[in-house]
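Work the whole structure out from these sequences, hints included.
Number of protein chains: 2
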Amino acid sequence: MDNIQPRTVGVCLSPALLPSYNLEESIVVVIDIFRASSSICYGIHNGAEAIIPVLTVEECIKYNSNGFLLAAERNGAVVEGFAIGNSPFSYTEDKVRGKTIVLTTTNGTRSIQLSKRQRAKKILVGSFLNITTLCNWLKSQQQSVVLLCAGWKENFSLEDTLFAGAAVEKLKEEFFIRDDAAHAALDLYKLAKEDIGTYLKKSSHSARLEKLDIEADIEFCLQLDTVDSIPVLADNRLIKLV
Amino acid sequence: MDNIQPRTVGVCLSPALLPSYNLEESIVVVIDIFRASSSICYGIHNGAEAIIPVLTVEECIKYNSNGFLLAAERNGAVVEGFAIGNSPFSYTEDKVRGKTIVLTTTNGTRSIQLSKRQRAKKILVGSFLNITTLCNWLKSQQQSVVLLCAGWKENFSLEDTLFAGAAVEKLKEEFFIRDDAAHAALDLYKLAKEDIGTYLKKSSHSARLEKLDIEADIEFCLQLDTVDSIPVLADNRLIKLV
Numbered sequence: 312m313d314n315i316q317p318r319t320v321g322v323c324l325s326p327a328l329l330p331s332y333n334l335e336e337s338i339v340v341v342i343d344i345f346r347a348s349s350s351i352c353y354g355i356h357n358g359a360e361a362i363i364p365v366l367t368v369e370e371c372i373k374y375n376s377n378g379f380l381l382a383a384e385r386n387g388a389v390v391e392g393f394a395i396g397n398s399p400f401s402y403t404e405d406k407v408r409g410k411t412i413v414l415t416t417t418n419g420t421r422s423i424q425l426s427k428r429q430r431a432k433k434i435l436v437g438s439f440l441n442i443t444t445l446c447n448w449l450k451s452q453q454q455s456v457v458l459l460c461a462g463w464k465e466n467f468s469l470e471d472t473l474f475a476g477a478a479v480e481k482l483k484e485e486f487f488i489r490d491d492a493a494h495a496a497l498d499l500y501k502l503a504k505e506d507i508g509t510y511l512k513k514s515s516h517s518a519r520l521e522k523l524d525i526e527a528d529i530e531f532c533l534q535l536d537t538v539d540s541i542p543v544l545a546d547n548r549l550i551k552l553v
Numbered sequence: 312m313d314n315i316q317p318r319t320v321g322v323c324l325s326p327a328l329l330p331s332y333n334l335e336e337s338i339v340v341v342i343d344i345f346r347a348s349s350s351i352c353y354g355i356h357n358g359a360e361a362i363i364p365v366l367t368v369e370e371c372i373k374y375n376s377n378g379f380l381l382a383a384e385r386n387g388a389v390v391e392g393f394a395i396g397n398s399p400f401s402y403t404e405d406k407v408r409g410k411t412i413v414l415t416t417t418n419g420t421r422s423i424q425l426s427k428r429q430r431a432k433k434i435l436v437g438s439f440l441n442i443t444t445l446c447n448w449l450k451s452q453q454q455s456v457v458l459l460c461a462g463w464k465e466n467f468s469l470e471d472t473l474f475a476g477a478a479v480e481k482l483k484e485e486f487f488i489r490d491d492a493a494h495a496a497l498d499l500y501k502l503a504k505e506d507i508g509t510y511l512k513k514s515s516h517s518a519r520l521e522k523l524d525i526e527a528d529i530e531f532c533l534q535l536d537t538v539d540s541i542p543v544l545a546d547n548r549l550i551k552l553v
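If you're matching them up, the sequences are chains X and G in order. First residue of the first sequence: 312, per my numbering; consecutive thereafter. First residue of the second sequence: 312, per my numbering; consecutive thereafter.
No wet-lab data here; the hints were simulated from the structure. One should not assume that every hint holds.
Remember, identical chains collapse to one label, so a pair may be satisfied in a single copy or spanning two.
[What the hints assert, rightly or not] As a list, the in silico SDA-like pairs of lysine to any residue whose alpha-carbon atoms are at most 25 Å apart:
no. : residue 1 : residue 2
1   : K373      : A545
2   : K522      : S331
3   : K373      : L502
4   : K522      : F487
5   : K432      : G409
6   : K483      : G508
Shown next as structure tokens:
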């Protein structure tokens with residue numbers, strides 16, 4: 312007899328909606344496209360030994376010794392006194408190879424901690440940079456998946472939702488779509504996919520980021536499949552799964 | 312000098328996301344298409360003197376005297392012991408004219424109470440049944456608008472989001488779109504508008520409602536502009552604004 316349960320894929324549009332999800336039997340993919348999850352994927356791919364996600368700037372400062380690389384972002388900008396924030400250009404190979412980075416961000420690191428608190432079976436980090444590697448790995452597992460959009464300050468964001476939709480498109484042949492948000496994310500992605508950058512021009516985050524003069528970061532984070540690594544949380548550290 | 316502030320329209324995709332919104336300077340439109348907000352619009356239009364939204368079944372029972380009409384719905388079904396729930400067919404003129412209804416539902420009444428707690432400037436009820444009357448009235452006011460989707464048990468629902476998108480389409484010439492959710496709702500509505508019923512076939516709520524054998528209710532709730540009344544909250548009672 313075949314006992315395999317149908318796998319589901321769901322999209323949680325904001326960490327504030329996590330209470331609707333039972334994560335104990337699911338792999339969670341944390342998504343914070345601009346820019347934490349993109350930079351984490353890039354940094355791990357570039358040989359960072361680990362990235363430790365922490366909730367507060369104070370907690371980050373406690374690691375200020377022993378060769379840790381400290382990274383802190385709030386409201387889109389590098390926190391004063393820190394060398395780097397969450398720009399992917401701070402996670403190049405020459406800067407991160409062999410290093411352990413301690414990172415706190417406005418949205419992404421909080422989503423990782425909340426997923427852990429809700430006892431997610433496994434916590435991965437996803438971005439357009441590693442989408443195909445990520446989805447192929449998810450297909451190889453017999454587990455349901457929750458795509459968790461970090462959003463902006465607990466609210467919905469278009470760019471994270473579009474990535475979730477892109478992932479649903481890759482997974483939908485093998486997974487049962489479990490919620491309305493996954494249908495919506497998929498349809499929005501289909502509308503936007505020919506030119507995601509242009510589509511996102513209307514997003515509020517885009518306007519915020521434009522003020523910060525980081526258009527190069529945005530362009531970088533929308534690249535497809537430039538890395539083939541997947542970060543996974545193990546003992547509070549994000550390390551390379553594959 | 313022209314001191315008029317630009318009005319904004321935002322879409323709150325779930326009551327769990329309300330903390331992201333300052334409602335004190337906004338008119339809130341509560342949306343629970345299947346079926347509370349549709350039935351409230353229909354009942355008020357059909358001459359119900361008032362509809363009192365209450366959070367719990369127990370609170371509803373307390374009104375069991377003095378000719379109140381008690382209505383209670385949980386998980387899509389009429390609560391045992393109650394004559395009616397939130398099916399629009401229970402809110403026809405012969406049943407509600409001159410009556411005061413006390414109503415508790417899974418999602419809609421909670422959204423009304425939360426909006427009140429966050430000191431919304433005014434709380435209205437919207438549905439496809441009264442969409443044009445509602446949007447014309449909103450355009451006549453010098454206030455920003457938050458379209459609040461009641462969703463399903465605090466999570467995102469397609470049908471409430473589509474209604475929000477339909478309202479954004481009517482308001483966008485005169486209001487500034489304030490959040491990503493409003494852009495997303497508008498784009499989803501544009502995809503679905505030719506045949507909303509068919510589009511919603513994929514929604515989880517549709518599957519839930521199908522089990523309850525209330526397809527006639529769904530069809531009823533998707534009708535456009537069959538009523539020209541707007542319910543408004545005044546002293547904890549929903550009454551006819553226009």
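Hint check:
| no. | hint | result |
| --- | --- | --- |
| 1 | K373 - A545 | within (20 Å within a copy, 53 Å between copies) |
| 2 | K522 - S331 | between (35 Å within a copy, 21 Å between copies) |
| 3 | K373 - L502 | neither (45 Å within a copy, 50 Å between copies) |
| 4 | K522 - F487 | between (40 Å within a copy, 19 Å between copies) |
| 5 | K432 - G409 | neither (27 Å within a copy, 55 Å between copies) |
| 6 | K483 - G508 | both (24 Å within a copy, 22 Å between copies) |
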